[in-house]
Amino acid sequence: MDFNENFILGCSAIGAGLAVIAGIGPGVGQGIAAGHAAAAVGRNPGARSEVMSTMLLGQAVAETTGLYGLLIAMLLLFVKPLLP
Amino acid sequence: MGHGVLLSADVDFMIHGVTKYSFFGHEVWITTTQVCLLIVMLILLIFAVFANRALRKATEVPTGFQNVVELIVELLDGMVKGSMGKAAHKFNNYIGTIFIFILVSNISGLLGLRPPTADYGVTFPLGILTFILIHFNQFKYQKPKDIWKDMCSPLPPWLPIWLPINIISEIAVPISLSLRLFANVLSGTVMMALIYGLLGWVATIWPAALHVYFDLFSGAIQTYVFCMLTMTYISNAIGDAEVA
Chain A
1 MDFNENFILG
11 CSAIGAGLAV
21 IAGIGPGVGQ
31 GIAAGHAAAA
41 VGRNPGARSE
51 VMSTMLLGQA
61 VAETTGLYGL
71 LIAMLLLFVK
81 PLLP
Chain B
85 MGHGVLLSAD
95 VDFMIHGVTK
105 YSFFGHEVWI
115 TTTQVCLLIV
125 MLILLIFAVF
135 ANRALRKATE
145 VPTGFQNVVE
155 LIVELLDGMV
165 KGSMGKAAHK
175 FNNYIGTIFI
185 FILVSNISGL
195 LGLRPPTADY
205 GVTFPLGILT
215 FILIHFNQFK
225 YQKPKDIWKD
235 MCSPLPPWLP
245 IWLPINIISE
255 IAVPISLSLR
265 LFANVLSGTV
275 MMALIYGLLG
285 WVATIWPAAL
295 HVYFDLFSGA
305 IQTYVFCMLT
315 MTYISNAIGD
325 AEVA
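The listed protein sequences correspond, in order, to chains A and B. Numbering (the numbering used here) for the first sequence: 1 to 84. Numbering (the numbering used here) for the second sequence: 85 to 328.
Any given hint could turn out to be false.
Quick list of the computed label-pair ranges, beta carbon to beta carbon [unchecked claim]:
1) A:Ile-24 x B:Gly-196: 30 to 38 Å
2) A:Leu-18 x B:His-173: 44 to 52 Å
3) B:Leu-278 x A:Asn-6: 16 to 24 Å
Result set (DMTMM-like, lysine to aspartate or glutamate): computed pairs, CA atoms no more than 20 Å apart in a straight line [to be verified]:
4) B:Lys-170 x A:Asp-2
5) B:Lys-174 x B:Glu-158
6) A:Lys-80 x B:Glu-158
Honestly, the hints are just simulated from the structure, not real lab data. In this text, a Cβ means the ideal position worked out from N, Cα and C, and glycines have one as well.
Next up, chain A with everything else stripped away, as it sits in the complex (with noise of 0.2 Å):
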């Protein structure tokens, strides 16, 4: 079976959104870590320095993985491997 070039293309673009969709799960981890921190600094204001730097620590390590999501979509849509 030979596919034409659009088609791969239309697919690329149908897959690069796909991959987009890994946003989700930093997106929650990264409001439940920004949420927890806010509870903490109210507990105790004196840490909010400490606090602050721990969760930024935190959101940036859960981020990686929305970013590979993002990654694979722009090898897909502007490095088209998928191309013959």
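Place chain B on chain A using the hints.
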């Protein structure tokens, strides 16, 4: 191909080649990344020369430019001290250097440059440097027996079933570090290129707010995260050992 070509004609965030030369028979390209890196380096060098001049005739009570330089150095030293504790004096210089370099690279999008950190060839060496530092310090400050025990971690040392998985997770460190920085800066660059390329005259003045978010905020956060993670990994590798 129609729409793809239309889109990529207006929207431009790719790395372009400027000139090419032959290096032992290989075709090597000088790209926009190198040019932007040179500009960033020039900015940093000029700043360093002026800072040096200001500190050479430093006064007891700092004034003017000396204030700024001392503020920057104090902030960076405080950051390293806060997360590395007693090992801080050994890594002040390295962490401070990569912090300033990554920060200026990330916010160079404000100057109309393509940020050099939006090229995987720039962030991957930074990740590799972190990797080398982690393992150099691990072997320097810990006994081989403890490293082996650490690598077989959840199981006892005589049963190295988890060893391959731990090795993979060690190798994943520089890759995830560099990909995080790269993808964050790249996403900002792509977003700004899409806005400027597709909206045309509609994109006047108000994209400045987006620049503040994508270039300044995101760039500063990612710089901080990269340096914090580097410091955390290194101080984990040092462990409880005494640092001379």
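We went through each hint and held it up to the structure:
Take Ile-24 of chain A and Gly-196 of chain B: their Cβ atoms lie about 34 Å apart, and the range 30 to 38 Å holds. For Leu-18 of chain A and His-173 of chain B, the hinted distance range of 44 to 52 Å is satisfied, since their beta carbons lie about 49 Å from each other. Range check, Leu-278 of chain B to Asn-6 of chain A: Cβ separation about 22 Å, and the 16 to 24 Å hint holds. Simply put, Lys-170 of chain B and Asp-2 of chain A have alpha-carbon atoms about 64 Å apart, too far for the 20 Å limit, and the pair is violated.
For the proposed pair Lys-174 of chain B and Glu-158 of chain B, the alpha carbon gap of about 16 Å is at most 20 Å, so the pair holds. With a CA separation close to 47 Å, the supplied pair Lys-80 of chain A and Glu-158 of chain B exceeds the 20 Å bound.
Hints 4, 6, counting from the list given before, are not met by this structure.
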